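Enquirer: Heads up: the protein sequence lines correspond to chains H and P, in order. All residue numbers for the first sequence refer to the working numbering, where the first residue is 1 and numbers rise by one. All residue numbers for the second sequence refer to the working numbering, where the first residue is 1 and numbers rise by one.
For the record, the hints were derived by calculation from the structure and aren't laboratory data. Note that the coordinates shown come from a computational prediction; the quantities given were computed from them, not determined experimentally. For glycine and all other residues, C-beta sits at the position ideal for the given N, C-alpha and C. One thing to keep in mind: the hints can contain errors.
Which residues of chain H face chain P? A few of them, derived with a C-beta cut under 7 Å, are [unchecked claim]:
id	residue
1	D76
2	G77
3	E80
4	L84
5	P86
6	I87
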Amino acid sequence: MRVTALIERDLRLAYRRRGELVTPVIFFVIVTALFPLALSPEPALLRSLAPGVIWVAALLAGLIGQDSLFKSDYEDGSLELMLLSPIPLEWMVLLRVFTHWLVTGLPLVILSSLMALLLNYPTNAMDVLVMGLLLGTPVLSFLGAVGAGLTVGLRRGGMLLPILVLPLSVPVLIFGAAAAGRAALAEPAAAPLYFLGAMLVLALTLAPFAIAGGLRVSLES
Amino acid sequence: MYEPATSQTLSVHNLAIWRGERCLCRGLSFQLSAGEALQVQGQNGAGKTTLIRVLTGLGRADEGEVRWRGESLRRTGAEYRACLAYLGHSNGVKLGLSPRENLAAFCALLALPDSGGVDDVKGVLERVGLSAQADLPCGMLSMGQRRRTALARLLLARARLWFLDEPLASLDVSGVALLTEMLKAHLAGGGIAVFATHQLLDLGPFPVKAVALGLAA
């Protein structure tokens, strides 16, 4: 199976409209920078807020562009071709979410350490924060893709998407912020990280079926 | 071009499709063997697209079933999908990619190791008259040229079954001639074609069956 060719196509398309990809990154930076301005620049306060702020900002930034995950394929007819391909749709969907995370999620993870420094997050706990985001943001991508698959046929699906996806993202947010918070206090943070890892495994194995199912329903009408 | 044509038939048994309260067709049965074509006729909104989507397996019928080689579509899945090529209302062409890139990605989608060759794509682009535009993004091409890119897909797929929904849309005179030639070659090779057009296509010696929709209501 020529997996690389499909990933290559998605990356090439992403590169051709790279302007859109920068939007979530800039959003993430701005939202994180707003908190010290609105609350107080007090280092101790920022330090305790940092994990929550970073995670909420990453969650919201991830939502931007999530509804376009399958939108263009739906509109230009590529989605029908994907459904008619002998390759299982679940597999193609998995690849699509992976490339989407690569171009939107990964930049956020990399940038998060910089923004954490800005919020006075202790540098010796940085590895836990980044690890948590590395495990958690793909789960968020998968959840968003489930919503995107279900709403792809709706005209105003973009508005419905956050309402569908955000409640489902709560566990990831809780464990992700908990891991980073405990690490900042120099407490053991392995347990929440393991939970995030378990969620990633679940999402990796179950979400493709849910996404493919949603896409099939959306196209049947 | 294809394996022996024995039992290569697409048959439709007692098909009924409803759109809400409206019946698009009821008790529809027909059979197509190798080298036969079917023209789906009907006014705008009669359900031509819906019928073609049901035949490809994209849509679902309310009653009856479609069989390929005697087996119901519900059971053949990926095997059936490997035998068919579909040209819908939308071209399935990415505007951000050039025709060449689009076709290369389509080869990957077909998962056929032998059809992924660069030469193959080049030959097909030449055949549909897009050699000069092969490396321009499809967004810069005219509607007719995008349609030709979609036609090139049919040639790459080497599928036994062709389902064409309004294939003539935005094609010019030479485009129509190209499609007619493609259809003739396809039927001569033992293929089967189902198409929905308002115009009559002159396919020469090949028999064209017809199904008219919109009378059942």
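Enquirer: With chain P as the partner, please determine if E80(H) meets the hint condition of a C-beta pair closer than 7 Å.
Expert: 6 Å, holds
Enquirer: For the hint on I87(H), does the least C-beta distance to chain P fall short of 7 Å?
Expert: 5 Å, holds
Enquirer: Would you settle whether the hint for P86(H) is holds or violated, based on the nearest Cβ-Cβ distance to chain P being less than 7 Å?
Expert: 4 Å, holds
Enquirer: Verify the interface restraint on G77(H): the C-beta must sit less than 7 Å from at least one C-beta of chain P.
Expert: 3 Å, holds
Enquirer: Given a cut of 7 Å on the nearest C-beta pair, is the interface hint for D76(H) held or broken against chain P?
Expert: 6 Å, holds
Enquirer: May I ask you to test the interface hint for L84(H) with respect to chain P, counting a Cβ-Cβ separation under 7 Å as satisfied?
Expert: 5 Å, holds
Of the numbered hints listed earlier, not one is contradicted by the structure.
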